[in-house]
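Protein sequence lines, in the order shown, are assigned to chains A and B.
The first sequence: position 270 = 270 (the numbering used here), numbered continuously.
The second sequence: position 37 = 37 (the numbering used here), numbered continuously.
Since the hints were derived computationally from the structure, they do not count as laboratory data.
Cβ atoms here follow ideal geometry from the backbone N, Cα and C, with glycine treated the same way.
Please note that the accuracy of each hint is not assured.
Taking lysine to any residue and the SDA-like style, the derived pairs with C-alpha atoms no more than 20 Å apart in a straight line are [stated by the list, open to error]:
1. A/Lys272 to B/Gly177
2. A/Lys272 to B/Arg105
3. A/Lys189 to A/Asn302
4. A/Lys410 to B/Asp176
5. A/Lys333 to A/Ser73
6. A/Lys410 to B/Met127
What follows is a list of derived Cβ distance ranges for each label pair [as the list claims (entries may be wrong)]:
7. A/Ala92 to B/Tyr21: 42 to 50 Å
8. A/Gln72 to B/Asp176: 50 to 58 Å
9. A/Glu287 to B/Trp194: 56 to 64 Å
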Amino acid sequence: MKHGLKKHKLLWVLLATSILAVSVVGCGGGNEDAADGVTRLQFWHAMGGPLGDALDALVAEFNENHSDIEIQSISMGRYQALSQKIMASVAANQPPDLAQVYEAWTENLIENGSAESLSGYVNGPNGLSQEELDDFIPGMIANSTWGGEIYSFPFNKSVRALYWNKGAFAEVGLERAPTNWDEYLAYVKKLTRDTDGDGEIDQWGTAGQISAWMFENLLVQNGGEILTDDGTHAAFDSPEGIQALEFMVELLTEYGKVTSGYEYQNDFQAGKIGMIEGSTVSLAFMEGKYTFDMALAPLPENKEKASFFAGTNVVIFADSPDEKKAAAWEFVKWFTSPEITARWAAMTGYAPVRRSAMDLPIMQERFAEVEGLDSVFAQLDYAAFEPRSAAWYAGRKYLEETGVEAALRKQMIPSDALAAAARAVNAELAQ
Amino acid sequence: MTWLETLRRKKFMDPLTAAFYLVPAAVVVMVFRMVPIASAFVLSFFDVKMGRIRGFVGLAQYFKLFQDPTFFNSLGTTAYYVVGVVPASLFLSLLAAVLLNKKIRALGFYRTVFFLPVVTSLVAISMVWKWIFHPRLGLLNYVFEVLGGNAMLWLEEPRGIFEMMASGLGWAWWPDGLSGPSLALIAVIIVAIWRGIGYNIVIFLAGLQNIPDQYYEAARIDGANSRGVFWRVTWPLLSPTTFYVLLSTTITSFQVFTQIYLMTGPPVGGPMGTTKVIVYYLFEKGFDAGGNMGYASAVALVLFLIILSLTLVQRRLVESRVYY
Chain A
1 MKHGLKKHKL
11 LWVLLATSIL
21 AVSVVGCGGG
31 NEDAADGVTR
41 LQFWHAMGGP
51 LGDALDALVA
61 EFNENHSDIE
71 IQSISMGRYQ
81 ALSQKIMASV
91 AANQPPDLAQ
101 VYEAWTENLI
111 ENGSAESLSG
121 YVNGPNGLSQ
131 EELDDFIPGM
141 IANSTWGGEI
151 YSFPFNKSVR
161 ALYWNKGAFA
171 EVGLERAPTN
181 WDEYLAYVKK
191 LTRDTDGDGE
201 IDQWGTAGQI
211 SAWMFENLLV
221 QNGGEILTDD
231 GTHAAFDSPE
241 GIQALEFMVE
251 LLTEYGKVTS
261 GYEYQNDFQA
271 GKIGMIEGST
281 VSLAFMEGKY
291 TFDMALAPLP
301 ENKEKASFFA
311 GTNVVIFADS
321 PDEKKAAAWE
331 FVKWFTSPEI
341 TARWAAMTGY
351 APVRRSAMDL
361 PIMQERFAEV
371 EGLDSVFAQL
381 DYAAFEPRSA
391 AWYAGRKYLE
401 ETGVEAALRK
411 QMIPSDALAA
421 AARAVNAELA
431 Q
Chain B
1 MTWLETLRRK
11 KFMDPLTAAF
21 YLVPAAVVVM
31 VFRMVPIASA
41 FVLSFFDVKM
51 GRIRGFVGLA
61 QYFKLFQDPT
71 FFNSLGTTAY
81 YVVGVVPASL
91 FLSLLAAVLL
101 NKKIRALGFY
111 RTVFFLPVVT
121 SLVAISMVWK
131 WIFHPRLGLL
141 NYVFEVLGGN
151 AMLWLEEPRG
161 IFEMMASGLG
171 WAWWPDGLSG
181 PSLALIAVII
191 VAIWRGIGYN
201 IVIFLAGLQN
211 IPDQYYEAAR
221 IDGANSRGVF
231 WRVTWPLLSP
241 TTFYVLLSTT
251 ITSFQVFTQI
261 YLMTGPPVGG
271 PMGTTKVIVY
281 YLFEKGFDAG
291 GNMGYASAVA
301 LVLFLIILSL
311 TLVQRRLVES
321 RVYY
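Please take these sequences and the hints and turn them into a complete structure.
This is the structure:
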């Protein structure tokens, strides 16, 4: 009898403990703000590696200079993971205070009522003057504006650049990067060669990955458009688009190599490739990993000079308490100030978001260090933004998968590939 | 005398004890299985974006789904995967189980070897196999080239294997719809079979050891040869186990996700979407940017119905041949 009692006691204890454990877990997560006058807020982002280190360093500096604010920088590692965490946190009514977001997510967050309008802060007492707003890279504020309200703020935006191996160029008698498509093709032809005389090609003119971004740049350089003006239909399957994709296929499959993911950057760093296109941020990842003389150049132009931005903005979440939102704005304002954005750009290769940042000593030093970086950032004057609707974000996948990939893998000719991609994109846009 | 003891005296205690033991598992199953399944069913009728319910849309998402070519492509890819994995896995694991059921030397060693992939982290397995299949640096192409074969693209090859065979035979033309699963999907299938047989072997071994020895003795006295013993004794008496393995392998194959997520791409599901199975498609819709959770729930429900009806059909067709 006694034994039996003991056993059941144990069961009760177990049950009670588990209920307690569950309820404790359930109650956790609430912000236990200490009454020390410090506003603590969570900033979710996807910066990893050298980019994460740079961001953490700047956040730490901000915290040091603001005794009343403490930003907790939380890296989700990748954009996909970040999007999932934001989604789950919105569903659970526990969003962060500040987060990196793509335009398509912003649109969804605005419709959800989760994104705070920043117009009040921009025009408020701790806001920005018209002069300061005009100092932003053209289009950046407009790209963050929906229905006349500013909902996001430019944070980490990059453009494409040409990375070229000066030594490999010199060996075939070339002294500068190509400036137009004809030169681009002629140069990769020259650079594709057998360097050790064994009858096999061991240096390719160029290399790249399957990338909608690269195609979009070529498309607009060739006078094409991604979508129709009203944004309801694909326009990339035009003759200009087909020509651009044919050019891309010729570059990357005749005189270059298509690799999975970022392997092409490793090949370039190993000196096996003449030149590659990449994001300006690739610089942070390549730094110190190559031994040859390398320089950057803007993308070669064709009918037009054109370049698309990539990267994200930040939003402040509407559900946060006012003092946290104000503190988050303070951080955003600080981060996008000319001095800080210049340092961020120098550390990472992201574009500075302010024009005046280019003239600051920190940027000038960086321009002196990295040959051609100034000419790459000169693209910011005419760089454009992709369509930003959630439907395009979903449809873009088809442009990459059905259009660009099918052509680069020689499974379809460019015109068929783009027609198939346009059908898939149109179906997505129609919904 | 406490009330517990009173209960015990009245023979009340046994069901209560049972309930105590069941509660933790029941809570876990409710919270992590039943409630999500029910909410997925409900959400499939709502427009849900980025974590917020925007409104009731009725069957609209189902109509959309049935007009979505990517949905049908991913269903086809999943079908290829299931057909590629299930029979091969069943055959190989049964063969290995029968051999491992013999009294051979170093039996424990062999059993461990076959079971190792099952207890190894799927992430580690996927990474190692991704390297083995690497077109330029992988082990497999190295072996092929040493043996005088041609290097293949493996996980980066979007062409269907039938089409590749046809072109290998020198045929210039092959019908578009019949190109078959891509070589990339075949590579994933190979890994799935390799990983899965260890588990099935253990189940088969248990089944084999449940067959009483006297049947084998009787068969031997009657002069049956080993083939006769297998088909007349082992196979029928093993049929409940075989049926279970068939069902569970089919269901888990339909739900394949992790390997696709870790081994294919970038972008995942590549090359050219030829490894985009239905559960990854669901994931892409629901958890990738924009988070169209309502639509993803509709996909999940359709998948659920497919698996359910397939299981019922399998029961109908196969169960009459199962001897319990």
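A quick look at each hint next to the structure:
At roughly 39 Å between alpha-carbon atoms, A/Lys272 and B/Gly177 are farther apart than 20 Å, so this suggested pair is violated. Among the hinted pairs, A/Lys272 with B/Arg105 is inconsistent with the structure: their alpha-carbon atoms are about 52 Å apart, more than 20 Å. At roughly 18 Å between alpha-carbon atoms, A/Lys189 and A/Asn302 fall within 20 Å of each other, so this suggested pair holds. Proximity of A/Lys410 to B/Asp176 is assessed by CA-CA distance (about 15 Å); at most 20 Å being required, the pair is judged to hold.
For the hint linking A/Lys333 to A/Ser73, the alpha-carbon distance of about 16 Å falls within 20 Å, and the restraint holds. Using a Cα cut-off of 20 Å, the hinted pair A/Lys410 and B/Met127 is violated, with the two alpha carbons roughly 27 Å apart. A beta carbon spacing of about 32 Å between A/Ala92 and B/Tyr21 contradicts the range 42 to 50 Å that was offered as a hint. In this structure the hint that A/Gln72 and B/Asp176 lie 50 to 58 Å apart at CB holds, the actual value being about 54 Å.
Distance hint for A/Glu287 and B/Trp194: a CB-CB separation of about 40 Å, inconsistent with the stated range 56 to 64 Å.
Figure legend: structure checked against the earlier numbered hints; hints not met, in rising order: 1, 2, 6, 7 and 9.
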